[in-house]
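Model the full structure from these sequences, guided by the hints.
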Amino acid sequence: MLFITLDKTSICSVLLFLCFVVNSVWAAGLNEEFTWTRIDFAWPSDGKLTPRLAYRGSPYESADEEAFYFRGPTNAENVAIKNHSIINTQQTVNKTKSESVTSRGSIDYRYVNNIPMGANVWGDKLFITIPRRRLGVPSTLNYVPLNSINRHNVPLIPYPNWDINIFSNGSENAQNFVSVYRVAIDSCDRMWFVDTGIIEIVGNPQTIKPHQLIIINLKTGAVTHRFNIPADYLTPRTILSSVTVDVTKDTCDDAFAYFPDLAGFGLTVFSLSEERFWRVNHNYFYVEPLAGDFFIAGHNFQWSDGVFSVELGELKQDGFRDMYFHSMAGTHMYKVSTKIIKNQTLATRSYHGDDFEVVGDRGPQSQTAMADLNKSTGVMFLGLVNQNAVGCWNTNSNLNTISIVQKDDERMIYPSDVKVYGDKVYILTNTMPEFLYGRLDYDRVNFRVWSNDIHIAITGTRCQRR
1 MLFITLDKTS ICSVLLFLCF VVNSVWAAGL NEEFTWTRID FAWPSDGKLT PRLAYRGSPY
61 ESADEEAFYF RGPTNAENVA IKNHSIINTQ QTVNKTKSES VTSRGSIDYR YVNNIPMGAN
121 VWGDKLFITI PRRRLGVPST LNYVPLNSIN RHNVPLIPYP NWDINIFSNG SENAQNFVSV
181 YRVAIDSCDR MWFVDTGIIE IVGNPQTIKP HQLIIINLKT GAVTHRFNIP ADYLTPRTIL
241 SSVTVDVTKD TCDDAFAYFP DLAGFGLTVF SLSEERFWRV NHNYFYVEPL AGDFFIAGHN
301 FQWSDGVFSV ELGELKQDGF RDMYFHSMAG THMYKVSTKI IKNQTLATRS YHGDDFEVVG
361 DRGPQSQTAM ADLNKSTGVM FLGLVNQNAV GCWNTNSNLN TISIVQKDDE RMIYPSDVKV
421 YGDKVYILTN TMPEFLYGRL DYDRVNFRVW SNDIHIAITG TRCQRR
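So in the working numbering, spot 118 of the sequence shown is number 118, and the numbers just go up one at a time.
Think of the hints as simulated: they come from the structure by calculation, not from any bench.
Glycine residues also receive a C-beta, built at the ideal position from the N, C-alpha and C atoms.
Don't take each hint at face value.
Below, computed lysine to any residue pairings styled on SDA-like, alpha-carbon distance capped at 25 Å [stated by the list, open to error]:
no.: 1; residue 1: K424; residue 2: R411
no.: 2; residue 1: K375; residue 2: G123
no.: 3; residue 1: K407; residue 2: W303
no.: 4; residue 1: K219; residue 2: S187
no.: 5; residue 1: K125; residue 2: W43
no.: 6; residue 1: K249; residue 2: I214
no.: 7; residue 1: K342; residue 2: F227
no.: 8; residue 1: K249; residue 2: A222
no.: 9; residue 1: K125; residue 2: T224
no.: 10; residue 1: K375; residue 2: L399
no.: 11; residue 1: K125; residue 2: V247
no.: 12; residue 1: K125; residue 2: P44
no.: 13; residue 1: K335; residue 2: S187
Have a look at the derived ranges for each label pair, beta carbon to beta carbon [unchecked claim]:
no.: 14; residue 1: R276; residue 2: G353; range: 18 to 26 Å
no.: 15; residue 1: E275; residue 2: E314; range: 23 to 31 Å
no.: 16; residue 1: K316; residue 2: T235; range: 26 to 34 Å
no.: 17; residue 1: G438; residue 2: E275; range: 39 to 47 Å
no.: 18; residue 1: V223; residue 2: E274; range: 15 to 23 Å
no.: 19; residue 1: D441; residue 2: N300; range: 18 to 26 Å
Encoded structure:
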């Protein structure tokens, strides 16, 4: 008989792994709401805008139209190298026009380079963002009607309109959206997002304009606020790919926004009432060196993404919230009170004592991209990228109660965004590692939006109230 001796750490890891496996059997899970083999757009019927499908003269042109794809690294290693070297906008406009857009009516479009990264919901709209990580992205901020009869390959509609999403259309370019990763929807019917201002051409990222916080009134579709993020609160490696808004219906003018910097390893904070930014630094925002290995869609690779998303709990008796956060290249969960983060003096201290807490270790292979929290139940949903799964954790319980809501190694590759809207949870999966390190088959479904009622989704898991 063979006996194996395990230390305390190994036993905990095994138990967490078994917890994942057991709960994946019983969870009610998620439903596919929308699917896409490739992304297309609702081109205007008046004919003023039409897609142009080729890059004549571009270094990225391919003779084989159907086999066009990219290989290469991603994330923190090759993006914002030029954040503080803002190039001449008009020069960039002219160059881009000569390479890919010949006129106002000819839009540079390559379906192979349109990879949806973010999803969110408001009213009857499902918002889909496509950052300009490559050339050929006609519109970065879009939506589809949630009540659409067609659920497959639904064309995206630019939001709030085509004009503001078109890149390089002359002098108006400074006001146009360049690249949006993910958006937040607050309780005051507003959309918040960061326009990175960067076109991430492989090996030659182009900084078009500074990082900018943009707020849209969703009832009117009007841009109500634009704030350039000062360079003092960024680094040469900064990537702000998500935002979380801290506000209630009664405090709309006193909102705070939090921007995790996944490559600069910090947290940028914004006060709407003061129209002011500040930056928080802490060692917990960094990559965890032993958790940077990923195996997704048959590809082994290493990423070095630090703090990736933050989640807010319900208001406590002191009027503040617990802010949970994690690094994507990491397996630990941390938290800090917003009493610290919302106070610039406290937030920017060089030494924080025990302000920041280690909640615990989620277990092996639990690297998480985005997460979101339903405040009324305390249930957090996590995009477990290294497991092709979505997990849940009831923040009122120990972290070792984390469970699998749904796992699918074929259909749930890379949960890129997780959002809670009302009593529903929405997940976007986009097969991104295959896009980066292999080749997507655009005759198969590559992009999916999943959803379900929160209470149904967690049925059978340890996230349920007992």
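Verification of the supplied hints:
Using a Cα cut-off of 25 Å, the hinted pair K424 and R411 holds, with the two alpha carbons roughly 20 Å apart. Among the hinted pairs, K375 with G123 is consistent with the structure: their alpha-carbon atoms are about 19 Å apart, no more than 25 Å. For the suggested pair K407 and W303, the alpha carbons sit about 22 Å apart, so the restraint of at most 25 Å is met. For the given pair, K219 sits about 12 Å from S187 by alpha-carbon distance, which is consistent with the 25 Å threshold.
A C-alpha spacing of about 18 Å is found between K125 and W43, which places the hinted pair at or below 25 Å, so the restraint holds. The straight-line distance between the Cα atoms of K249 and I214 is roughly 19 Å, inside the 25 Å bound, and the hint therefore holds. Straight-line distance between C-alpha atoms of K342 and F227 comes to about 18 Å, which keeps the hinted pair within the 25 Å bound. For the suggested pair K249 and A222, the alpha carbons sit about 19 Å apart, so the restraint of at most 25 Å is met.
Using a Cα cut-off of 25 Å, the hinted pair K125 and T224 holds, with the two alpha carbons roughly 19 Å apart. Pair hint K375 plus L399 holds up; C-alpha atoms about 17 Å apart against a cutoff of 25 Å. Of the pairs offered as hints, the one joining K125 and V247 holds, with about 22 Å between alpha carbons and a cut-off of 25 Å not exceeded. Our distance criterion of 25 Å between C-alpha atoms is met by K125 and P44, whose separation comes to about 19 Å.
The hinted pair formed by K335 and S187 meets the criterion: a straight-line CA distance of about 23 Å does not exceed 25 Å. The given range of 18 to 26 Å is respected by R276 and G353, whose C-beta atoms sit roughly 25 Å from each other. Remark: the range hint 23 to 31 Å for E275 to E314 is upheld by a beta-carbon distance near 27 Å. Between K316 and T235 the beta carbons are some 32 Å apart, a value that agrees with the proposed interval 26 to 34 Å.
Range check, G438 to E275: Cβ separation about 45 Å, and the 39 to 47 Å hint holds. Judged by the Cβ atoms, the range 15 to 23 Å given for V223 and E274 holds: they are separated by roughly 20 Å. The given range of 18 to 26 Å is respected by D441 and N300, whose C-beta atoms sit roughly 21 Å from each other.
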